[in-house]
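Could you build all of it, start to finish, from the sequences and the hints given here?
Sequences listed follow chains A and B, in order.
Position one of the first sequence corresponds to residue 0 (numbering that gives the first Met the number 0), numbered consecutively onward.
Position one of the second sequence corresponds to residue 0 (numbering that gives the first Met the number 0), numbered consecutively onward.
Hints should not be assumed to be uniformly reliable.
Short, incomplete list of chain B residues facing chain A, as computed with Cβ under 7 Å [what the hints assert, rightly or not]: (1) Gly46; (2) Ile99; (3) Gln271; (4) Glu320; (5) Tyr324; (6) Gln326; (7) Ser327; (8) Arg328; (9) Pro331; (10) Leu338; (11) Gly342; (12) Phe343; (13) Ala345.
Sample of chain B residues at the chain A side, in silico, Cβ under 8 Å [what the hints assert, rightly or not]: (14) Gly255; (15) Gln321; (16) Phe323; (17) Gly329; (18) Ile330; (19) Leu334; (20) Val339; (21) Arg341; (22) Asp346.
The calculated label-pair distances, taken between Cβ atoms and stated as ranges, are [said to hold, decoys possible]: (23) A:Thr28 to B:Arg291: 49 to 57 Å; (24) B:Ser312 to A:Gly150: 29 to 37 Å; (25) A:Gly17 to B:Ala226: 53 to 61 Å; (26) A:Tyr91 to B:Val370: 26 to 34 Å; (27) B:Glu134 to A:Arg191: 47 to 55 Å.
These are calculated hints, taken from the structure and not from any lab test.
Beta carbons: idealized from backbone N, C-alpha and C, even for Gly.
Below are the chains, spelled out letter by letter.
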Amino acid sequence: MTTLAISNLHATVETDAGAREILRGVTLTVESGQTHAVMGPNGSGKSTLAYVIAVPPKDPVPEGSITLDGQDVLAMSVDERARAGLFLAMQYPVEIPGVSVSNFLRTSVTAVRGEAPKLRTWVKEMKGAMEALQIDPAFAERSVNEGFSGGEKKRHEILQLELLKPKIAVLDETDSGLDVDALKVVAEGVNRFQADGTTGTLLITHYTRILRYIHPDYVHVFVDGRIVESGGPELATKLEDEGYERFLKAGAST
Amino acid sequence: MAQTSAPATDHAPALRSRDIASHPVPTGREEEWRFTPLAPIADLLSGQAPLNGGADVDAEADPGARVEFVGTDDARVGRTFLPTDIASARAMAAAAQALIVTLPREWQGVARVAVRGRGEDVAGHMVIEAEPFSEGTVLVDFRGSGRYVGALEIRVGDGARLTVVSLQDWSTDGVHLGEHHASLGRDSRLLMGHITLGGQIVRIAPKVSYQAPGGDAELLGLFFADAGQHLEHRVFIDHDTPHCRSSVLYKGALQGDGSHTVWIGDVLVRSQAVGVDTYEVNRNLILTDGARADSVPNLELETGEIVGAGHASATGRFDDEQLFYLQSRGIPADLARVLVVRGFFADVLHRIGQPELTQRVMRTVDGRLGVVALDGEAGDEELAE
Ligand SMILES: Nc1ncnc2c1ncn2[C@@H]1O[C@H](COP(=O)(O)OP(=O)(O)O)[C@@H](O)[C@H]1O
Ligand SMILES: [Mg+2]
Chain A
0 MTTLAISNLH ATVETDAGAR EILRGVTLTV ESGQTHAVMG PNGSGKSTLA YVIAVPPKDP
60 VPEGSITLDG QDVLAMSVDE RARAGLFLAM QYPVEIPGVS VSNFLRTSVT AVRGEAPKLR
120 TWVKEMKGAM EALQIDPAFA ERSVNEGFSG GEKKRHEILQ LELLKPKIAV LDETDSGLDV
180 DALKVVAEGV NRFQADGTTG TLLITHYTRI LRYIHPDYVH VFVDGRIVES GGPELATKLE
240 DEGYERFLKA GAST
Chain B
0 MAQTSAPATD HAPALRSRDI ASHPVPTGRE EEWRFTPLAP IADLLSGQAP LNGGADVDAE
60 ADPGARVEFV GTDDARVGRT FLPTDIASAR AMAAAAQALI VTLPREWQGV ARVAVRGRGE
120 DVAGHMVIEA EPFSEGTVLV DFRGSGRYVG ALEIRVGDGA RLTVVSLQDW STDGVHLGEH
180 HASLGRDSRL LMGHITLGGQ IVRIAPKVSY QAPGGDAELL GLFFADAGQH LEHRVFIDHD
240 TPHCRSSVLY KGALQGDGSH TVWIGDVLVR SQAVGVDTYE VNRNLILTDG ARADSVPNLE
300 LETGEIVGAG HASATGRFDD EQLFYLQSRG IPADLARVLV VRGFFADVLH RIGQPELTQR
360 VMRTVDGRLG VVALDGEAGD EELAE
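Written as structure tokens, this is what we have:
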């Protein structure tokens, strides 16, 4: 049983015009077995929330806390957070010339699991995971993210998700820029990851489309740096029909 | 001696001669010497420190190839190369003998040359003769301590395919001044590689010229300068013949106080050299403060009737985004840095295509970045079983 607890979280960025508050008091708990969808318009601070969970921000968090099973996440470095069981599937994965996918995967799996996987089982495991995501085996020898299409990058993120098997996964707009076929493949990967009930997922998205393939237990509407409404899957349906208009007004009035 | 040559041939050596007296002693103000720290080698250049002619050179080759030691008055010595500076002239005069490695016509195989410094000031001279249609690889390995001055002349026969890779991995006191001159025959191909890791001052000046159309030269270099090291590569491609190609890629990493690398890429396409295709690139990765990389590409075209010509040079720091991405997958910072540097060198090593040299570079990278061994490496060995 794992719990990611985010409490009254604030985040600021330093701008020319002074500190600007991007997250304005976010409280959210994700437990193993749960999928939470955080939905909001562009610029509402969704990526900022995703990153603050997985990566120490440049400007330190002024208020609030994040804990993973009671451990203070904000005190951890980025690699410590990954080894503690957090994973962020990025919206814009980084290209690393000359580092092959297979070398990268094996090195990260070794770091996260604390020991190198046995080679024989590892090769099988990697090939199997790639096949399930319909990734060409030749990918293993290509440089990480270099020359990958948008869809290939996202599949590569989900490949890592499945191999690293974190306690809590944060997916930042993994659905954006994918065609329907790629979206289904990616969604199936997330569903496999989530299937055994030992892990939790925080799915961040702008569109409701992905929720046809990944069914959240909870939906949160995110506007202007905070959660303005929480509910079950029915909230996503409502969003699909009504859009964010109503919430934008609600966000502005509070 | 003032240089007053015409702009287009600015970078072609003004003088080629075995006569020591014809070469000026560098002052450090010359374009050729302005980057090199002269104090540690001033006595070599002036002749105050005489060079011992008996360099410790060992060579072996697959059956059929000839390995000989001859006097420097042998007709095959100085055919491709004549000294362009006083250090080379002193070395050629001092060398008691020259090593000649001959790869016979249509021969296929590998030859290995080992030069070992024994803490003295020594001169050496080597000649590689790849006869027509041979397909050979010659690996030259410079190690040990002391100061070595010596040229490597390479003759690639018509239709031959030759790979020559020289590894400079001297001890911390090592000094190496060397001119590596190659001449390519008709439709021949040369891959010349320079891997420079160890030594206090290493200054290699590769030069390529062509005897006939169809020559294709690929120069690949990799260097890693640590604190206090000066590693210099001065490439000169002399396109003096029509319809030849050259491709140059040198990559360097630097770390620590006073680490200094110099890359000069002079490409001269003479007026008669129509149909030439040339491209040169230097990339440097600065890992810490206190390092300095000088990179000077220079392309001079005397004719516009070419297939292509270009150059690129870039020196940058560690890409934080790359490190961060690796760390976000649990990889500790020091290992992430090793992966990025290994990745940076990967394309050069892949093109050089010598697995044992790749291993050696990777071990050096790991060691210098403070990581004992990558787990992935053990995995690769397991895989090979
Ligand atoms: N480094 C930064 N400097 C200034 N403003 C930033 C910075 N990063 C994000 N922002 C601003 O913060 C807001 C939230 O951004 P982001 O978290 O990317 O939103 P979302 O992912 O919901 O589109 C945006 O208005 C964006 O312009
Ligand atoms: Mg975003």
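A quick look at each hint next to the structure:
1. About 45 Å separates the beta-carbon of Gly46 (chain B) from the nearest beta-carbon of chain A, more than 7 Å, and the hint is not met.
2. Look at Ile99 (chain B): its Cβ only gets to about 38 Å from chain A, farther than 7 Å, so that hint breaks.
3. At a threshold of 7 Å, the smallest CB-CB gap from Gln271 (chain B) to chain A is about 38 Å, leaving the interface hint violated.
4. Against a cut-off of 7 Å between C-beta atoms, the interface hint on Glu320 (chain B) holds, since the closest Cβ of chain A lies about 5 Å away.
5. Taken as an interface hint, Tyr324 (chain B) checks out: its beta carbon lies about 4 Å from the nearest beta carbon of chain A, inside 7 Å.
6. Look at Gln326 (chain B): its Cβ gets to within about 4 Å of chain A, closer than 7 Å, so that hint holds up.
7. Look at Ser327 (chain B): its Cβ gets to within about 5 Å of chain A, closer than 7 Å, so that hint holds up.
8. For Arg328 (chain B), the interface hint holds, the least distance from its beta-carbon to any beta-carbon of chain A being 4 Å, beneath 7 Å.
9. Taking 7 Å as the C-beta cut-off, the interface hint given for Pro331 (chain B) holds, the closest approach to chain A being about 5 Å.
10. A distance limit of 7 Å between C-beta atoms decides the matter here; for Leu338 (chain B) the minimum to chain A is near 5 Å, and the interface restraint holds.
11. At its closest, the beta carbon of Gly342 (chain B) sits 3 Å from a beta carbon of chain A; the interface hint therefore holds under the 7 Å criterion.
12. This hint holds: Phe343 (chain B) has a C-beta 6 Å from the nearest C-beta of chain A, less than the 7 Å allowed.
13. Checking Ala345 (chain B) against chain A: minimum C-beta separation of about 3 Å stays under 7 Å; hint holds.
14. Contact between Gly255 (chain B) and chain A, as hinted, is not supported at the beta carbon level, the nearest pair being about 22 Å apart and thus beyond 8 Å.
15. The beta carbon of Gln321 (chain B) is positioned within 8 Å of a beta carbon in chain A (closest approach about 5 Å), and the interface hint is therefore held.
16. Hint on Phe323 (chain B) holds. Least Cβ distance to chain A is approximately 6 Å, under the 8 Å limit.
17. Residue-level restraint check for Gly329 (chain B) holds (minimum Cβ-Cβ distance to chain A is 4 Å; threshold 8 Å).
18. A hinted interface residue such as Ile330 (chain B) counts as satisfied when its beta carbon comes closer than 8 Å to some beta carbon of chain A; here the least separation is about 5 Å, so the hint holds.
19. Residue-level restraint check for Leu334 (chain B) holds (minimum Cβ-Cβ distance to chain A is 7 Å; threshold 8 Å).
20. This hint holds: Val339 (chain B) has a C-beta 7 Å from the nearest C-beta of chain A, less than the 8 Å allowed.
21. The beta carbon of Arg341 (chain B) is positioned within 8 Å of a beta carbon in chain A (closest approach about 7 Å), and the interface hint is therefore held.
22. Satisfaction of the interface hint for Asp346 (chain B) is found here, the shortest Cβ-Cβ separation to chain A being roughly 6 Å, below the 8 Å cut-off.
23. Look at Thr28 (chain A) against Arg291 (chain B): about 52 Å separates their beta carbons, and that is inside 49 to 57 Å.
24. Restraint check, Ser312 (chain B) to Gly150 (chain A): a C-beta distance of roughly 35 Å satisfies the suggested window 29 to 37 Å.
25. Gly17 (chain A) and Ala226 (chain B) have their C-beta atoms about 42 Å apart, which leaves the hinted 53 to 61 Å range violated.
26. Taken as a hint, the range 26 to 34 Å holds for the pair Tyr91 (chain A) and Val370 (chain B), whose Cβ atoms sit roughly 28 Å apart.
27. Judged by the Cβ atoms, the range 47 to 55 Å given for Glu134 (chain B) and Arg191 (chain A) holds: they are separated by roughly 51 Å.
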